[in-house]
Structures are given as C-alpha cells and as structure tokens.
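Listed in order, the protein sequences are those of chains A and B.
Quick note on numbering: the first sequence equals residues 50 to 220 in the working numbering.
Quick note on numbering: the second sequence equals residues 4 to 237 in the working numbering.
The reader is advised that the hints may include incorrect statements.
Said to hold, decoys possible - Restraint ranges, calculated between C-beta atoms of paired labels, are given here:
| hint | chain 1 | residue 1 | chain 2 | residue 2 | range |
| --- | --- | --- | --- | --- | --- |
| 1 | B | Gly-219 | A | Val-78 | 36 to 46 Å |
| 2 | A | Pro-60 | B | Gly-158 | 29 to 39 Å |
| 3 | B | Arg-174 | A | Ser-63 | 20 to 30 Å |
| 4 | A | Ala-59 | B | Gly-127 | 28 to 38 Å |
| 5 | A | Val-104 | B | Asp-101 | 44 to 54 Å |
| 6 | A | Ala-59 | B | Ala-80 | 33 to 43 Å |
| 7 | A | Val-78 | B | Asp-148 | 24 to 34 Å |
| 8 | A | Ala-59 | B | Gly-219 | 15 to 25 Å |
| 9 | A | Val-104 | B | Glu-165 | 14 to 24 Å |
| 10 | B | Ala-209 | A | Val-104 | 11 to 21 Å |
| 11 | B | Gly-17 | A | Pro-60 | 18 to 28 Å |
| 12 | B | Arg-95 | A | Val-104 | 12 to 22 Å |
Hints in this document: simulated from the structure, not taken from any laboratory.
It should be emphasised that the depicted structure is a prediction, and the values quoted were computed from it without experimental measurement.
For glycine and all other residues, C-beta sits at the position ideal for the given N, C-alpha and C.
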Amino acid sequence: MTVQSYAGRAPRPSSLADVLELVLDKGLVIDAYVRVSLVGIELLTIDARIVVASVDTYLRFAEATNRLDLQAASNSEGLPQLIGDITEKGASSKTRGALSGVAEEVSGWFGGGDGDEEKEADGQRRSGERQNGERRPRRPAKATAGSRRRSSSGSDNGRRRRERNDDEDES
Amino acid sequence: MLCVYGIVRSDHPGASTVGVQGGQTRIVALADLGVIVSDVDDELLARRRDIEAHLTVLETAMRNGDVLPFRFGMAVADEQALPAALEGSVPRFRQLLDELSGRVQMTLKVVRDDFESMRTVIAGDARLRRVVERERTRGSADINDRISLGAEVSGAVDQLSERDAELIIARLGSLADAISTSPPTPPVVASVALLVQPQRVPELDAAIEELQQQLGMRASFDYAGPMPPYSFVA
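Excised from the complex, chain A in its bound form (with noise of 0.2 Å):
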C-alpha cells in the first residue's frame, strides 16, 4: 500500500451538495454587503436533514429482514428465504417517493450541466438582495420552489446517490 498514491481522495467532495455546503455556508461573510441570491438552497438543506426516523423507515427495516440471509449471519439453521410481500412493497416505494421528490427538487434547481446554466438566468434567480442585505438570502419564498421543479438530465450526484441507495434496499 502506498499513501501517496492513495486513490480514495479527489481534491473536493464528489456531490455537488457537499460543495455547496462548503461554499455556501461555511467560509468568510461579509455583513450587510450584497450577496449572490440563492433562490432554492434551502431545499438542499431539508435534503441533508431530512427526518426519516418514521413509521415508513421502521416498516422499510422490517421488510429488509426478511431477505437478509439468517443461515449466513447466524452460520446455524436458516429459515427459507421469503422474497416479496405486497404490502411490504408498497409501504417501501412510500418511503423512496418521498425522498426522491426532495431530491427532485434539488437537482431542478441545480439542472443538468453545463448547457443548463442559460435556462437558469430567470428572474427569479436574480441577485435580489442587494446593499444593506437586510432580507436574510436564505428564506427564499416556498412559492418558488415549484417553479424550479425541471426534469433532470441525471447529472445531479446527490439525486443519483440517493436512488442507488434505495436499490440497494430493494434488491
């Protein structure tokens, strides 16, 4: 093993959501001076805290019992396995739509690539807090959150994240 060629660390975080976080809200301010408008961050912020401790997360847990191999954690008699349970399923894909509308709102806001940064210069996008910031930048109006609702082109790494974790959970 050699650490200088250690291949686990890229120079920034991976997601976009983690380089937001370092850009946005950590590092120096300057107080009551113009700041960029941030229409849409605070949904990022719901993103990473979002509360999953719930019925649906219990009721996520008590399905994925059921397909853990019991022979192979216990290394004595198993019980066959039980794939499967409707209910079971529904409950789950509960949970998983929740999470990824969240994420959906996110990676609207953020689009795509680079191509999707001429689409994002609307009005409301625009710096609107301008000299003497009294209005705190990061209330931005619920309403606006609807409005940025777009599709992704799939190169939003948190939303991407958050899917494959849920496969894993069903497969």
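Using the hints, position chain B against chain A.
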C-alpha cells in the same frame, strides 16, 4: 461590481486565475493584507460554472500560501468600497491567518448502507436474530408487529452508526490540529472537516483507508482535500 474570494498576507505571490464570470483575479491591498477579487456583472448567480471558478481561485491561492476563503457570492460595489466593508475585520483576519498558518482542510463524509449495517447488527446480536427469526416464522401481517420489529432493528443500526462515528472522530481527531463536525442525519454516519498540516496528509490517508477496511461494506467514504480552510474561518 467586485467579487471577493479570499484574504492573503501581503507577501502572497498572488493568484491570477480565471474567476467567476470569466474575470481575471487580482489582489487589492487592505492594510497589511491582500484581498483576492475580480470584476463581475451586477447579476451574481450561483451557477455551477461560477461556483467551480470560486473553488479554483481559492485552491490556486492556497497552493501559493495561506488564504482565508470567503463564502461564494460575496461582492462589493468597487475597490473604494472594500476598506469600509473589511477594515473592521483586519485584526481577526490576521489572527486567523496566524492560527491556520500552513494548514489545509480535509473533509470526510461517511454514509452507511442500511442493509449491510443491518446485516452487521443482526449477525452480532443473537437475541435480535431470534426476534427476526420468530417474526419470519410467524409470517406476521400485523402492522404493529412489523413496526416494532423495524423500530428495534433501525434502533440497533443507529447505535452501530453512532459507535462508528465515535471511532472515526477519535481516530482522525488525533491527526488533526482542529476538527469540525456537523450533526449527522441517517444515513450519514459522520461528516467531518479536519484542519491538518500538509505533511500529515499521508498519515490521514492511511488512517482513513484503515477505517474503510474496518467498516467494510456497511459504509461508503467520501474523502476530499486538501482545500482552503472553509470550515475553520467562521
């Protein structure tokens, strides 16, 4: 309008880089310090391209010396407006430059795999395994039974994550001059920023690789750096 990137010492060799909106960066003097700036239009938007430019400017400056990073989106009207905006903070900037001198930030985010974590807790807990077996044998369709089984399993998984987080923070904290953690929400196990001396990065690499092997399939690691000390200037 002038976009503001970071604070450097006056002996910093400077960083002429392409910044936000394609503008060339320059250094403007502020007392005995320097401010990295570039000209921008009035509309400063959080575009992906511009956020990346902000990062690039600061990463380049960091390679040439110490830099205190500003958040993305900071701007003043023009050079004349800079002193009024920043003069009052000069003593704090000096102090921060001394404290952070020669150090870089590394970040680590560990996210668990729920299923693998569950496999681990059930393999290590004979009682829980019996509960799962019993539920399976009964084939209970009672929603309350399902909920209480799930609550027990997810509680055990959360406890495993907490123990993993303690292990990670204790191990990495010993290699860092400062550590900043944000409260994790499942499935995030730990989200950590470390302030380290560059010569200790290989040690940190090795420690993280070890932790990765220790946690195995139940967690994925997102490890990044070196970067300017965003999390240590507030």
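Hint-by-hint comparison with the structure:
Between B:Gly-219 and A:Val-78 the Cβ separation comes to about 40 Å, which falls inside the hinted range of 36 to 46 Å. Checked against the hint of 29 to 39 Å, the C-beta distance between A:Pro-60 and B:Gly-158 comes to roughly 38 Å, which is consistent with it. Distance hint check: the CB atoms of B:Arg-174 and A:Ser-63 are about 22 Å apart, consistent with the given range 20 to 30 Å. Checked against the given bound of 28 to 38 Å, the beta carbons of A:Ala-59 and B:Gly-127, roughly 32 Å apart, stay inside it.
A hinted range of 44 to 54 Å for the beta carbons of A:Val-104 and B:Asp-101 is consistent with their spacing of about 52 Å. Remark: the range hint 33 to 43 Å for A:Ala-59 to B:Ala-80 is upheld by a beta-carbon distance near 37 Å. A beta carbon spacing of about 52 Å between A:Val-78 and B:Asp-148 contradicts the range 24 to 34 Å that was offered as a hint. For A:Ala-59 and B:Gly-219, the hinted distance range of 15 to 25 Å is satisfied, since their beta carbons lie about 21 Å from each other.
Checked against the hint of 14 to 24 Å, the pair A:Val-104 and B:Glu-165 passes, with Cβ atoms roughly 22 Å apart. In this structure, B:Ala-209 and A:Val-104 break the distance hint of 11 to 21 Å, their C-beta atoms being roughly 43 Å apart. Judged by the Cβ atoms, the range 18 to 28 Å given for B:Gly-17 and A:Pro-60 holds: they are separated by roughly 21 Å. In this structure, B:Arg-95 and A:Val-104 break the distance hint of 12 to 22 Å, their C-beta atoms being roughly 48 Å apart.
Of the hints listed earlier, those the structure fails to meet are numbers 7, 10, 12, in rising order.
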